[in-house]
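Chemist: Each chain is listed here by its residues.
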Amino acid sequence: GAVVSQHPSWVICKSGTSVKIECRSLDFQATTMFWYRQFPKQSLMLMATSNEGSKATYEQGVEKDKFLINHASLTLSTLTVTSAHPEDSSFYICSASEGGGQPQHFGDGTRLSIL
Amino acid sequence: GENVEQHPSTLSVQEGDSAVIKCTYSDSASNYFPWYKQELGKRPQLIIDIRSNVGEKKDQRIAVTLNKTAKHFSLHITETQPEDSAVYFCAASIGTGGFKTIFGAGTRLFVKA
Chain A
1 GAVVSQHPSW VICKSGTSVK IECRSLDFQA TTMFWYRQFP KQSLMLMATS NEGSKATYEQ
61 GVEKDKFLIN HASLTLSTLT VTSAHPEDSS FYICSASEGG GQPQHFGDGT RLSIL
Chain B
1 GENVEQHPST LSVQEGDSAV IKCTYSDSAS NYFPWYKQEL GKRPQLIIDI RSNVGEKKDQ
61 RIAVTLNKTA KHFSLHITET QPEDSAVYFC AASIGTGGFK TIFGAGTRLF VKA
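These protein sequences, in sequence, are chains A and B.
Quick note: the first sequence uses the numbering used here, first residue 1, plus one each step.
Quick note: the second sequence uses the numbering used here, first residue 1, plus one each step.
Mixed in with the good hints there might be a few duds.
[Claimed, not checked] 25 Å max Cα-Cα, derived BS3-like pairs, lysine-lysine:
hint, chain 1, residue 1, chain 2, residue 2
1, B, Lys112, A, Lys41
2, B, Lys58, B, Lys112
3, B, Lys71, B, Lys58
4, B, Lys57, B, Lys100
5, A, Lys64, A, Lys14
6, A, Lys55, A, Lys20
7, A, Lys55, B, Lys100
8, B, Lys100, A, Lys64
9, B, Lys57, B, Lys22
10, B, Lys112, B, Lys68
11, B, Lys57, B, Lys71
12, A, Lys14, A, Lys66
13, A, Lys55, A, Lys66
14, B, Lys22, B, Lys100
15, B, Lys42, B, Lys100
16, A, Lys41, B, Lys42
17, B, Lys112, B, Lys71
18, B, Lys100, A, Lys66
19, B, Lys58, A, Lys41
20, B, Lys112, B, Lys22
21, B, Lys71, B, Lys22
22, B, Lys22, B, Lys68
23, A, Lys20, B, Lys100
24, B, Lys71, B, Lys42
25, A, Lys20, A, Lys66
26, B, Lys22, A, Lys41
27, A, Lys20, B, Lys42
Hints in this document: simulated from the structure, not taken from any laboratory.
Everything numeric in this text was worked out from a predicted model, so none of it was measured.
Can you make the complete structure from the sequences, with help from the hints?
Modeler: See below:
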């Protein structure tokens with residue numbers, strides 16, 4: 001149980017393109033979803049927290065107009081990297097929790113490469 | 001806000017030996033401490049967690065201890081095996097699930113056969 005699916009797993013696109021990443025909880029309802037960014041050999045840096053039906057809460061230093069997060073249902077959250085540039089290249093990973101004292105479960109991550 | 005420090009950054013042990021990873025946190029309100037194992041290019045996987053009302057928890061070869069007074073917690077892996085080689089992250093959060101989790105910098109564990 002507690003499976004989180006993240007798509008796509010790998011994206012290569014040109015600078016200036018917008019990229020959408022989906023995060024789905026397959027067998028539970030995710031009250032809260034989290035989006036992280038991970039640079040090579042580094043830790044997971046929380047970008048934002050989203051609760052279903054509410055606006056996402058962004059961490060300091062994360063541009064909300066750059067990284068658009070939508071959590072429209074209890075099983076789906078999306079992260080859109082708008083007008084992506086090479087410095088946005090990274091590993092993006094989501095996690096989901098059904099709340100009620102349950103831990104976070106991670107998706108497989110999306111490796112984003114901007115040329 | 002919460003800050004989590006993790007040591008060591010790299011740990012190399014011989015197969016069969018024990019490995020210990022230590023973390024400290026800053027926010028005394030934190031009450032949930034999960035540990036994740038991440039293999040290269042894969043998702044972090046929860047391996048054990050502990051809540052603040054417990055001082056120690058064990059699951060087969062893995063154990064976690066928590067000292068709330070000192071604000072530190074540790075992961076202990078006994079009888080290490082090559083497949084234990086991975087990056088391990090400690091984390092701290094206020095509550096579980098719906099509350100944000102702050103991760104340590106990670107420990108790269110190498111288990112030599």
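Chemist: Hint by hint, say whether it matches the structure.
Modeler: Outcome of the hint check:
Distance check on the hinted pair: lysine 112/B and lysine 41/A sit about 20 Å apart at the alpha-carbon level, within 25 Å; holds. The suggested pairing of lysine 58/B with lysine 112/B holds, with an alpha-carbon distance near 24 Å, which does not exceed 25 Å. Distance hint between lysine 71/B and lysine 58/B is fulfilled; the C-alpha atoms sit about 19 Å from each other, no more than 25 Å. About 22 Å separates the Cα atoms of lysine 57/B and lysine 100/B, which keeps this hinted pair within 25 Å; it holds.
Distance hint between lysine 64/A and lysine 14/A is fulfilled; the C-alpha atoms sit about 21 Å from each other, no more than 25 Å. The straight-line distance between the Cα atoms of lysine 55/A and lysine 20/A is roughly 17 Å, inside the 25 Å bound, and the hint therefore holds. At most 25 Å may separate the alpha-carbon atoms for a hinted pair to count; lysine 55/A and lysine 100/B meet this at roughly 15 Å. The hinted pair formed by lysine 100/B and lysine 64/A meets the criterion: a straight-line CA distance of about 17 Å does not exceed 25 Å.
A distance of roughly 15 Å separates the Cα atoms of lysine 57/B and lysine 22/B; the hinted pair therefore holds under the 25 Å criterion. Of the pairs offered as hints, the one joining lysine 112/B and lysine 68/B is violated, with about 33 Å between alpha carbons and a cut-off of 25 Å exceeded. Simply put, lysine 57/B and lysine 71/B have alpha-carbon atoms about 16 Å apart, close enough for the 25 Å limit, and the pair holds. The straight-line distance between the Cα atoms of lysine 14/A and lysine 66/A is roughly 16 Å, inside the 25 Å bound, and the hint therefore holds.
Only pairs whose Cα atoms come within 25 Å are accepted, and lysine 55/A paired with lysine 66/A is accepted, the gap being roughly 15 Å. Taken as a hint, the lysine 22/B and lysine 100/B pair is honoured in the structure, with Cα atoms around 21 Å apart against an allowance of 25 Å. About 21 Å separates the Cα atoms of lysine 42/B and lysine 100/B, which keeps this hinted pair within 25 Å; it holds. The straight-line distance between the Cα atoms of lysine 41/A and lysine 42/B is roughly 13 Å, inside the 25 Å bound, and the hint therefore holds.
Simply put, lysine 112/B and lysine 71/B have alpha-carbon atoms about 31 Å apart, too far for the 25 Å limit, and the pair is violated. Restraint check for lysine 100/B and lysine 66/A: the C-alpha separation of about 21 Å stays at or below 25 Å, so the hint holds. A threshold of 25 Å between alpha carbons decides the hint, and for lysine 58/B with lysine 41/A the separation of about 28 Å lies outside it, so the pair is violated. At most 25 Å may separate the alpha-carbon atoms for a hinted pair to count; lysine 112/B and lysine 22/B meet this at roughly 21 Å.
For the given pair, lysine 71/B sits about 11 Å from lysine 22/B by alpha-carbon distance, which is consistent with the 25 Å threshold. For a cut-off of 25 Å, the pair hint linking lysine 22/B to lysine 68/B stands: about 14 Å separates their Cα positions. Taken as a hint, the lysine 20/A and lysine 100/B pair is honoured in the structure, with Cα atoms around 23 Å apart against an allowance of 25 Å. Pair hint lysine 71/B plus lysine 42/B does not hold up; C-alpha atoms about 30 Å apart against a cutoff of 25 Å.
Note on lysine 20/A and lysine 66/A: the hinted pairing holds, with a Cα-Cα distance of about 12 Å set against a maximum of 25 Å. At roughly 19 Å between alpha-carbon atoms, lysine 22/B and lysine 41/A fall within 25 Å of each other, so this suggested pair holds. At most 25 Å may separate the alpha-carbon atoms for a hinted pair to count; lysine 20/A and lysine 42/B meet this at roughly 20 Å.
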